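4 protein chains.
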Amino acid sequence: MKITTAGESHGKGIFAVIEGLPSGVELDIETINFELSRRQSGFGRGERQRIERDKVEIFSGVRNRKTTASPLVLFIKNLDYENAKGYMSPEDCDEEIEKLTKPRPGHADLAGIQKFSLKDARNVAERASARETCAHVAAGSVARMLLSSLGVYVTGYVRSVGDVADAGEYSFGEIEKKRTSSLCMMDEGKEAQAIKLIEQVKEEGDTLGGVLEIRVKGLKSGFGSCMTAAEKLDAQLAFAVMGVQAIKGVEIGLGFSDAAKKGSEAQDAIYFEEGKYRRKSNHAGGIEGGMSNGEEIVLRAAMKPLPSLGKGLPSVDIETGEAAISQRVRSDVCAVTACEVVLESVVCEVILSAVLSRLGGDTAEEVRTRYGELQ
Amino acid sequence: MKITTAGESHGKGIFAVIEGLPSGVELDIETINFELSRRQSGFGRGERQRIERDKVEIFSGVRNRKTTASPLVLFIKNLDYENAKGYMSPEDCDEEIEKLTKPRPGHADLAGIQKFSLKDARNVAERASARETCAHVAAGSVARMLLSSLGVYVTGYVRSVGDVADAGEYSFGEIEKKRTSSLCMMDEGKEAQAIKLIEQVKEEGDTLGGVLEIRVKGLKSGFGSCMTAAEKLDAQLAFAVMGVQAIKGVEIGLGFSDAAKKGSEAQDAIYFEEGKYRRKSNHAGGIEGGMSNGEEIVLRAAMKPLPSLGKGLPSVDIETGEAAISQRVRSDVCAVTACEVVLESVVCEVILSAVLSRLGGDTAEEVRTRYGELQ
Amino acid sequence: MKITTAGESHGKGIFAVIEGLPSGVELDIETINFELSRRQSGFGRGERQRIERDKVEIFSGVRNRKTTASPLVLFIKNLDYENAKGYMSPEDCDEEIEKLTKPRPGHADLAGIQKFSLKDARNVAERASARETCAHVAAGSVARMLLSSLGVYVTGYVRSVGDVADAGEYSFGEIEKKRTSSLCMMDEGKEAQAIKLIEQVKEEGDTLGGVLEIRVKGLKSGFGSCMTAAEKLDAQLAFAVMGVQAIKGVEIGLGFSDAAKKGSEAQDAIYFEEGKYRRKSNHAGGIEGGMSNGEEIVLRAAMKPLPSLGKGLPSVDIETGEAAISQRVRSDVCAVTACEVVLESVVCEVILSAVLSRLGGDTAEEVRTRYGELQ
Amino acid sequence: MKITTAGESHGKGIFAVIEGLPSGVELDIETINFELSRRQSGFGRGERQRIERDKVEIFSGVRNRKTTASPLVLFIKNLDYENAKGYMSPEDCDEEIEKLTKPRPGHADLAGIQKFSLKDARNVAERASARETCAHVAAGSVARMLLSSLGVYVTGYVRSVGDVADAGEYSFGEIEKKRTSSLCMMDEGKEAQAIKLIEQVKEEGDTLGGVLEIRVKGLKSGFGSCMTAAEKLDAQLAFAVMGVQAIKGVEIGLGFSDAAKKGSEAQDAIYFEEGKYRRKSNHAGGIEGGMSNGEEIVLRAAMKPLPSLGKGLPSVDIETGEAAISQRVRSDVCAVTACEVVLESVVCEVILSAVLSRLGGDTAEEVRTRYGELQ
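Residue numbers (my numbering), protein chains in the order written: chain F, 166 to 540; chain V, 166 to 540; chain H, 166 to 540; chain P, 166 to 540.
Pulled out of the complex, with its shape left as it was, chain F reads as follows (with noise of 0.2 Å):
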């Protein structure tokens, strides 16, 4: 399976196309659509989720609401190109509207502009824009719902929001339930606090970040490899998951923690009991040696605060050479919550593309037999 992202933040809209589907799986669209909104939800986001009400439309690769093994060709909308066609238009335009000639330290503005021997980055800023996760938000859901199908489940939770952080630990049914609270939290006296924080940051014009975790729930032992770098389980949610805008770090079951403990304390021991290889705790987040262990896959990954700041920050006029305050451009306050649906998504996308790696298939019955027949 091989996903791939198209669009830009103020174009027509954004695109997913998937390839290497198998046949036959049964697409609920509203199920898309929902994790859209979610996408879109979690207090702190701005005005551009005003503007938006992001549903898919489904432009080839289905009929009948099931897959066809055909590419499918996932759109959603930016709503806000009306607005923005006199500048964005891929006929003809004014390049001159709405430049970005005051880099956003943080940004991709800088390094855009440089690289691409730009005038200003409006090019750069419009791909790099994390409008472009929604891509990975509809295809996400479709891969969800062929591993639903084999009893494989994907969540999360916002487990900090700036220095509110949460060090609770959570079972899957627990994070299940709150998945669709206002910020994600598990913990609702944190949760309070962290709305405090957001909103007394968006009065100072400042942004927020977070930590979030995702959890991988029914993936059998052995999927990944060791053999080979390209099939190394770990190595693939590392890179889906710092690809996704403002992620800064990843680190799977103990992660950072691991470092500092001994063998003894880090490992998880092995048990035999009711025909199964079990391990009396978690400490590897299900994966071992590059390979789904038959655990729980646990993953934390960290936003940075978003870069563009309602009060700017110290930067430079690329017309002119002199020190200016960073262009203001629309944004969120703290987008955990969304970021959060976001790095579900990529990890459906990973564990899916995993699976029929080692399955194939030309159908999802196909490979619904075939995940059954796994010890």
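It is worth saying that the hints were derived from the structure and are not from the lab.
Source: prediction; values computed, not measured.
Among the hints, a few may not be true.
As the list claims (entries may be wrong) - Non-contacting residues of chain F with respect to chain H, defined by C-beta distances greater than 10 Å in every case (computed): (1) F199; (2) Q205; (3) I216; (4) E247; (5) K280; (6) M310; (7) Y318; (8) K355; (9) K426; (10) G440; (11) N447; (12) R495; (13) S522; (14) L539.
What the hints assert, rightly or not - Cβ-Cβ distance ranges computed for the label pairs, FRET-style: (15) E530/F x S314/P: 23 to 33 Å; (16) G251/V x Q365/P: 49 to 59 Å; (17) E222/H x D482/P: 31 to 41 Å; (18) E369/H x E530/F: 54 to 64 Å; (19) E538/H x C258/F: 44 to 54 Å; (20) E530/F x A357/H: 46 to 56 Å; (21) D482/P x G251/V: 49 to 59 Å; (22) E261/H x E530/F: 19 to 29 Å.
For every residue, glycine included, the Cβ atom is placed at its ideal position computed from N, Cα and C.
Given the coordinates of chain F, work out where chains V, H and P should sit on it, guided by the hints.
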């Protein structure tokens, strides 16, 4: 550029194949061997390092110490194969010898047995072993030689061993000087503490991990890209680093601590001086929007304590289903220093790959000319 | 550069997604539409071409008629979807309408039914249809625009229709002039004969194929490479051309007739004149050792007669297992002219891809400068 | 499955690396060596074949004659390296020895000199040489062993040598029987004529090519796919075959003669018998819509006469720019028999790759079970 590794821990040896190198890269074979010896060194290494004397043999792709653009084959012989060929030979051998039937928690053993329907973990353990990393050290050294000729340098150090952590900030030059100390730590006091800890833990039959920091200096802005997922430089680095044996976390710049900051504290203010854009800080760790931004790349990774413990761990004998202590396999107590060398190496691979895909070039000379022309 | 296509023959439309284009390629949308109209033209085309009026819509990757380096999404709407949506809609529709249960020999129908465990061939026929080729015509037109700005040009003609064959030799300039004749043949007498043959064969309810010749002029030497299988330019061309619907053979230079020659008759003598290496002949068709050698690339392909015959072919009704005449599906009698345009297009894609992987380049300007610097 | 080759004609040896093989494939090393000896045989071969005695050495990926799923490294030593190391050693050697400064028309020599800015063609000629094909013979033999265990068989024969052509039609069984004759032709009279022709042409200091036919028997329908360009089986075969040294044309089924037929003559009528769909003919050569259709795959390729002639060809001395006769390099007069073995081998690689991507599978046993379950 594409790098493929092959070989088993107790097989004939380890291979790295590098495709896509330009012609005319001058290779200093002694330097490759020096890096290989660094990978073998570091306080806390085990018996295997007393058997091996890793030296690269170049089989193809090089004439008269210069690359020819033909695929490079680098080989590091396993001297230990002489002891192992009775059960490891590709031709007739006895698979009953050295069976690995009490899987080691934290290793690929159990997941591999399940994936490949095996009666013991030997086939899996042989390939999952960190012995494979010498391929990356050899390949990374080759990549480093071309990078150095562009003025791009890679170094690193051990930031913590177990709970002995160094919170200092160090310049690239300082790190480079210390790169060959016995544990590759920067603070001599901490290094002494860490050595003591390793000795103590060795007594206990236990193991240790740590945190490594890697730096890249001299890389101009605009490598990688925000345009497609596959081109994002941070994602590529995360993939390569997480794919290294025993790594459980990776972060760039502030990484996980970025998540607790406000936007105004986390981004790197831009200014213009002497015809160049510069930054007041480097919280981003040299990457914004999936592209290098001209600042040093700063990456940290968490290595878990090694899962082959002298005293073993609770496991199951897969032949009987009975509880058992995991198989004792010769291993290191602590291999953070080796891991530091390996991480530098995979970072060299990723950076050179990004350089070549942006610049193209059939000859090293062409690559240098085009690199020089970038702003 | 990577090109992905999507879409079904009677679905909403056909997509081409182009990743890896440099920024700043100027697009003439009218030229894309002109090539699309050429694909629809040619004597012998069927009813479908009277329904469609193919025009490209650019969805992303372009602003103000210039590429931005963001993935390009090109869309060609299927006007016929209005008639087909009752059975083709991604959402609710009736799969019983227009079932294709009497598979057409020569089509993907039967193999597809078996592969995907289908009850009829609709899903397969929709994607296997040559309607997909309009994606390549659009993408190839974009590639051609950048190639033209380097001085690299692609043209072609129809060398035979059924048994009406032209044995002449033509210069690139002559071919370019004739490129828009009704059958795209060079010899007017042969073209008249071919038109008569098509009329006669149409009467019979039968179909015709032919041989196409494609030429590339102005490509400097050294594109592609002898160093790895993946880089061989002739292999890449063979892949792209053989992958086009209905193509059953591909040859470069003398091709199959090369096999009957002696070495002394088959190779192209080298001489040196005005500071350049030149050739006395071009039997190699511009490629030696998997690389362009600076001469014109000459490629021929064999297109089989279309397998959707007016009168049908002996087949089986898969619902009953009884013998039946294959399903009548609207089709062309002869589509060699369309195929010629398609082959030019995929050749443009391959050549540009080889150019970009050798030269790298973030902007069209950079690509042009580097191309100019080659000898 | 992915196959990488490395090595130079007069370097230490030739490598094939195979990634993605399932575990548990039983390897008969003698059979690999037998195919390697076939590649060295055939009337018309030159002096080099008297020096080499190609035997495979397996370096990794195999234990006790069974694959382990770890990457396979196969090595064929160049005995001639002993004579060549003075100018071919990766370490110190003298590049002035055996310089190739009078490029041979038809070889990679001149294009390679220009591409890599070389002073002589040695580096290019060493890699472009058909010596590399022994890697594919070894890898293809491994692929063949797994295919055979599925009931899929590959054979082939020489259809013409120069202008001595055989127009006969032969069954798979007949071909298999003749596969080891001195020229691998089917008709003894033609073979005798061809041998005479080779003798005569050798006298003249000239060379010969020919046409090869490859067959695949027992492959079920539905391998490859019509859904994406990358999956088309005919395109993959064309890529692999056209990438073989000296191949200038490839066709499937009727191939170029298909273009002259009417649709009613060219397609393969379908009927149903004993629970199976069958065909009255096999003009399609076993592939429709980019998928196997269950019939024999029939592929033909044109090999040009070898470009290293005893008497040389008109060229230029690149050191002086003066006209010169191309450098005399030891070569064969005719290598069609070797090429036949090579083409069988690359076809085995492509077919197995298509099998594994459709079926997945960690073990040979799993692959066999899933193959058996297909209709």
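Hints, verified against the model:
no.	hint	result
1	F199	holds (16 Å)
2	Q205	holds (20 Å)
3	I216	holds (19 Å)
4	E247	holds (15 Å)
5	K280	violated (5 Å)
6	M310	holds (14 Å)
7	Y318	holds (25 Å)
8	K355	holds (39 Å)
9	K426	holds (42 Å)
10	G440	holds (32 Å)
11	N447	holds (38 Å)
12	R495	holds (19 Å)
13	S522	holds (18 Å)
14	L539	holds (21 Å)
15	E530/F x S314/P: 23 to 33 Å	holds (26 Å)
16	G251/V x Q365/P: 49 to 59 Å	holds (56 Å)
17	E222/H x D482/P: 31 to 41 Å	violated (56 Å)
18	E369/H x E530/F: 54 to 64 Å	violated (43 Å)
19	E538/H x C258/F: 44 to 54 Å	violated (34 Å)
20	E530/F x A357/H: 46 to 56 Å	holds (55 Å)
21	D482/P x G251/V: 49 to 59 Å	holds (57 Å)
22	E261/H x E530/F: 19 to 29 Å	holds (20 Å)
Going through the hint list in order, the structure does not satisfy hints 5, 17, 18, 19.
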